[in-house]
Amino acid sequence: MAVSTTGATPNAAPPPRVPLVELRHMRVSFGGVHAVDDVSVDLYPGEVVGLVGGNGAGKSTLIRTLSGAHPANEGEIYIDGQKASISNPRDAKNYAIETIYQTLALADNVDAAANLFLGREITTRVGSLDDAAMESATRKVMGRLNPKFRNFKVPVSSLSGGQRQSVAIARAVHFNARILIMDEPTAALGPAETAQVRELVAQLKAEGIGIFLISHDIHDVFDLADRISVMLQGKLVGTVDKTKVTKDEVLAMIIIGKLPEEVSAKEMAELIS
Amino acid sequence: MTEAKPIEGTAASGGPTKRSARSVFAGLEIDGRLIGMIAALIILWVLFNVLSNGLFLSPRNLWNLSVQSAAIAIMTCGMVLIIVSRNIDLSIGSILVFVALVMGLLQTEWLPNVVGLGLNHPATWVIVVIIGIALGALIGGVHGVLIAYIGIPSFIVTLGGLLIWRGAAFVLARGRTISPLDTTFQLLGGGPRGSLGDVLSWLVAGLGIMAIAYGIVASRRRRQRYGFPLRAVWADVTLGAIGTLVVAGAVWVANSYPWPPALAAAYAAEHGIPVPSGGLLIPTGIAIPVLLAIAIAVFMTFLAGRRRFGRYVYSIGGNPEAAELAGINTRLTIMKTFVAMGILAAIAAAVTSARLNAATNGLGSGVELQVIAAAVIGGTSFAGGIGTIAGGVLGAVIMQSLQSGMVLIGVDTALQDIVVGVVLVSAVGIDTILRRRATRG
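Just so you know, the sequences run in chain order A and B. For the first sequence, the numbering used here assigns the number 234 to the initial residue and increments by one for each residue that follows. For the second sequence, the numbering used here assigns the number 13 to the initial residue and increments by one for each residue that follows.
There may be inaccurate statements among the hints.
[Said to hold, decoys possible] Stretch by stretch, here's where chain A covers chain B in the computed footprint (C-beta under 8 Å, at least three residues): (1) 103 to 112; (2) 265 to 273.
[To be verified] Chain A side only, calculated, beta carbon under 7 Å to chain B, not exhaustive: (3) Pro278; (4) Pro304; (5) Glu307; (6) Ala329; (7) Asn342; (8) Leu351; (9) Glu354; (10) Val359; (11) Ser361; (12) Leu362; (13) Met367; (14) Ser369; (15) Lys373; (16) Gly376; (17) Pro380.
[As the list claims (entries may be wrong)] Between beta-carbon pairs, the in silico distance windows are: (18) B:Val258 <-> A:Ser391: 40 to 46 Å; (19) A:Phe263 <-> B:Leu344: 23 to 29 Å; (20) A:Arg323 <-> B:Pro124: 46 to 52 Å; (21) B:Val62 <-> A:Ser390: 51 to 57 Å.
These are computed hints drawn from the structure, not numbers from a lab. Each residue gets a CB set at the ideal place from its N, CA and C atoms; glycine is no exception.
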């Protein structure tokens, strides 16, 4: 797989660069079904890799092996070139891997600060929760992400979809993530909020964070990603450089599972019509 | 939700002198549900007082009510956390009887025969209580491991526990009643001798009032340090005043209940105190089990609200998957809730058997249902994630008030059960409807 050289990383380090993350030959089975079958992808610092594919293609399952939510049956994960062992979400967080789940994974009955610091609470000297400190930090990070956010004292269940999303995003970016996984980050959002997320992605990228972006919205992916990895029925169709393909070619990868050079003119014509 | 709006808006529209009830409660930042329960309790008390011609609100009855509520309240503190994390514990009545019999046998047979510590040796009650609590923790821990690590539903594990530990209790004592118990141990059950008397009770009241004042000031300081909006001064002062009145009032009532004349006479004879013509009036004060229940409720509230453990329990109840994905050790947390429940059941075992001065096979029978009912009446939701210790304790007092009140006005047992059942279902029904309205509105 060729190392991408995109405009987003102008000061490209001299080769060979070490990938931030490498997933090698990942395999996840549920019963006899291979949800993910021998898939390898990688991600460099300051890069956005889009993971696309239809429903049930295995994108989320693949990424859950990296976030520790569902360990792989086979395969190896390398972080900064070192073999990593990730068997639960705590391990992933120790490697500075943060995930924004499609479901947001918020505890609905507690407030924004409690969710932001869930599992990583600030405590006082005697080990009690320092709610004031956590609220203060939450006000700061939310002020950056969603300046209109005011509801710091209510359970997140009473927030709007966009507000909940910003809490989930705040949680992922507050703890100095190096690797960010975003699973359908704009699925529940309106146009203004979607624009906000795009802006955030660009900003995080500039900070040198590597981002896996899962989406079934090909426009989203084309706008944000540097490289695009396409999955179909648990297998990797291929990874392409965004600047070297068209949307139709990626669409062909998603639907018929063929790389641009393998697709015949007839197939392409059928796909577009 | 209206509560989320800033207070200034509503106060300005109505003028600062005419605050609506809603804005007053919003300003005080008290949970509306808790206020509803307190209102229900007051109505219940007034109703029973009228129906019993003033007997219900006598110091004597209120003192008895406090002692009767203690064991249920102690266990409800644990049950709230269990239910909040989407589990249930049906075994607490059986843990109670098993631990009570072990503690009974320890002080009457095992310690005297094996170690040579006689009944009424000063160390006996301490050893007995420590072993009892350790046993409760162990049983709760075993249940917790089966539930959290093996994955057997808590309903099944504790249903098994309900059968197993009551059976084990019977086997252990071969059906006997273990009595009498150590005299120091008996003090844990309350009764006039197991109470603090007036001086100590006022001292406790003073400490309580100081703690309330400190809590209010400390919370204000913390918010000030970060420049957060502060609760209005009138609200803080009102809260402090209400707290002070409740604490002082409760102690005043407890001190207004004198020792029963026969007991006072016996005490006078023991200590060579001359009995005046009107009889010796010894103020009873707060009963030890009541003090124990209050201390446990305060501690559990602290655990639930101010420690990681509590935060995790509520998060698991709100969204178990999210808690797991956040990196919380959910299994360990769930196991700890059952250990806590076991410990509290053991403390309740000490209180109950000490009060009876006997460990019998019938102890704690059906108590699990009372405790679950108390937690639920107190606003704990079976859907998980919602419930407070304070609510649960209030629920326990409401349950006990209902029962004690009906006994006082001579309602027969079958009807009592019907009333309690109706109240339980209605309380949850009203709560469900209100909650639905709150989320839709």
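Hint-by-hint comparison with the structure:
Taking a C-beta to C-beta cut-off of 8 Å, the segment 103 to 112 of chain B contributes 0 residues in contact with chain A, too few for the three needed, and the coverage statement is violated. Only when three residues or more bring their CB closer than 8 Å to a CB of chain A does the claim for the segment 265 to 273 of chain B stand; here the count is 0, and the claim is violated. Look at Pro278 (chain A): its Cβ only gets to about 24 Å from chain B, farther than 7 Å, so that hint breaks. Residue-level restraint check for Pro304 (chain A) is violated (minimum Cβ-Cβ distance to chain B is 13 Å; threshold 7 Å).
With its C-beta approaching chain B no nearer than about 23 Å, Glu307 (chain A) sits outside the 7 Å limit, and its interface hint is violated. Residue-level restraint check for Ala329 (chain A) is violated (minimum Cβ-Cβ distance to chain B is 13 Å; threshold 7 Å). With a cut of 7 Å, the hint placing Asn342 (chain A) at the interface with chain B holds, because the nearest CB-to-CB distance is about 4 Å. Against a cut-off of 7 Å between C-beta atoms, the interface hint on Leu351 (chain A) holds, since the closest Cβ of chain B lies about 4 Å away.
Taken as an interface hint, Glu354 (chain A) checks out: its beta carbon lies about 6 Å from the nearest beta carbon of chain B, inside 7 Å. The restraint placing Val359 (chain A) at the interface with chain B is violated, with a minimum CB-CB distance near 10 Å, outside the 7 Å limit. With a cut of 7 Å, the hint placing Ser361 (chain A) at the interface with chain B holds, because the nearest CB-to-CB distance is about 5 Å. At about 5 Å, the closest approach between the beta carbon of Leu362 (chain A) and any beta carbon in chain B falls short of 7 Å, and the interface hint on this residue holds.
The restraint placing Met367 (chain A) at the interface with chain B is violated, with a minimum CB-CB distance near 10 Å, outside the 7 Å limit. With 7 Å as the threshold, the beta carbon of Ser369 (chain A) comes within range of chain B, its nearest partner Cβ sitting at about 4 Å, so the hint holds. The beta carbon of Lys373 (chain A) comes no nearer than 10 Å to any beta carbon in chain B, farther than 7 Å, and the hint placing it at the interface is violated. Among the interface hints, the one on Gly376 (chain A) is violated; its C-beta lies about 13 Å from the nearest C-beta in chain B, farther than the 7 Å criterion.
Hint status for Pro380 (chain A) relative to chain B: violated, with the closest Cβ pair at about 17 Å, above 7 Å. The supplied range of 40 to 46 Å is broken by Val258 (chain B) and Ser391 (chain A), whose beta-carbon atoms lie about 31 Å from each other. Separated by about 27 Å at the C-beta atoms, Phe263 (chain A) and Leu344 (chain B) satisfy the suggested range of 23 to 29 Å. Range check, Arg323 (chain A) to Pro124 (chain B): about 51 Å between beta-carbon atoms, so the 46 to 52 Å window is met.
A hinted range of 51 to 57 Å is violated for the C-beta pair Val62 (chain B) and Ser390 (chain A), which are about 42 Å apart.
Going through the hint list in order, the structure does not satisfy hints 1, 2, 3, 4, 5, 6, 10, 13, 15, 16, 17, 18, 21.
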